[in-house]
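Undergrad: Okay, here's what each chain looks like letter by letter:
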Amino acid sequence: MEKKTVTIHPCIRCGRCIRVCPVALNPVNIMSTMKTMPVDRAKVKLLNPLACTDCQLCSEICPSNIDVATIVKRAKTIAKLP
Amino acid sequence: MEENKIVTPAAPASNPASATEPEKKKIRKQPLHWMLIDVIIALAPTTLLSYLVFGVYAIRNILIPVAVMVGAELIFVLIKNRKTLFSKDEKTKKSFKEVLNLTDILSPIISGMIFGLMTQSCDTNPTWLIYFILIVSSLFGIVFGKLVFGGLGRNIFNPAAVSFVFMLICWGSKFTGAYHYNAWGLPFLPEVASFSASATPLSQSAMTASLYGWENIQALFFGNVTGGMGESCKITLLLGLAYLLIRKDADWRVVVSFALTFLAMSLIGGLFFWGHDSSINPLNYTLYQFLSGGVLFGMAFMIVDPVTMPLTSPSRVIYGMVLALFVVFIRTFASAPEGMAYAILMGNAVGCFIDYYKWSQTKFTWKVWVAIACIAVLGLGLFAWAMNGYNYGTTAMVMLGGAL
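Residue numbers (our numbering), protein chains in the order written: chain A, 1 to 82; chain B, 1001 to 1404.
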């Protein structure tokens, strides 16, 4: 398989992932919540990652090359926990 | 370590729910380093004009902050990656070139350029003090405005604004030397307008009707006035802003909401001044306020900084309005004639509050419109109430040390 090197930069909070999201999620807030240790589950649920359709547009548009969709997917898993 | 190089498969994983290829093709992905290069390109006309008008003094005021800020950032990268750089294990050890990103250099260049363009080209007393001021202010701004928060993307405050306000507070009264306008002696440059003999045109009495003449507004637009180097000619600033908006590096929402609120509030101020002195034209007063000082410079290059502004579109509209309220209130009622840098720092602090996840909305819902209407009514009402109790008999725009 063809491989390419991608440099990941810090999130500069440009908000493009928010504007491109078809279900009006806030992936930047979800990412910052997922970075905390331990993860605030109540906050994750409030940010509603379960609405994510996994379209990956947020990862596509991110100028910092962050794989936003994967982090939102992890948040979905946490939000599903009872 | 977040800034690392990873190897990923070129083709995205197939997913039945993922966006279709045409949808993905519509997205114009812009790498981070290109966003930063765009800002440098947008700043280029203003920098070039400063060089033409202020000569070597412009080079001095821009190059010193750029060099100091880049140096501080490189030391920060060294400290941040010390474990990798000085690792005894040859497998994990990396060279400085490997850990250094292009963005680590471009970002402080922008901050340095913005800070340099905000400064004046006049001498200090003693003359050598300007070098000390520029070095210490730049260092303070980059360290306490950015690096202590963790570097690019994590800072709350704009580093250039921090540098400028630090300089203003500590050494504002030291800028008493000659103002180096037309340092190369170019024949086609007009003379400095006579109305702006002081450090900034804004340090004149607000009740002087002759100040709002059409010639003075033209002088403010074309830049033959005293003040910060980058704030002089508005044509280059508008060019830079247009470029950033076209390239979508600047969010038009914050620019439009800031400009509209500022113009509306200035018009209200102008109407109050017109009520007390009918020779003051409220429209000219509004234009004078909009074109003087650092409003356009801040609007073009500072408030649109994505790192220090709120995330969502509705929050950005509110942020622009709040910034405009701060600027007009500081300019009209505070002892500092220039309020832009202070307002930006105050706005940066309020930005986190606007963006709080419990009430921040991603779309323009009715709640957002109610919030925007409340802020507009409250802000304009408070300003009108304050203007009603304004002491029109005295020199309103007092001239204190912070007249830069």
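Calculated directly from the structure, the hints in this document are not laboratory data.
Any given hint could turn out to be false.
Below, in silico cross-link-like pairs of lysine-lysine (PhoX-like), each with a Cα-Cα straight-line distance of 20 Å or less [unchecked claim]:
(1) B:K1083 x B:K1097
(2) A:K45 x B:K1363
(3) A:K45 x B:K1358
Note that this is a predicted model, so its numbers are computed, not measured.
Undergrad: Does each hint fit the structure? Answer for all of them.
TA: Outcome of the hint check:
1. Straight-line distance between C-alpha atoms of K1083 of chain B and K1097 of chain B comes to about 15 Å, which keeps the hinted pair within the 20 Å bound.
2. A hinted pair counts as satisfied when its Cα atoms are at most 20 Å apart, and K45 of chain A with K1363 of chain B qualifies at roughly 19 Å.
3. Only pairs whose Cα atoms come within 20 Å are accepted, and K45 of chain A paired with K1358 of chain B is accepted, the gap being roughly 12 Å.
When held up to the earlier numbered hints, the structure conflicts with none and fits them all.
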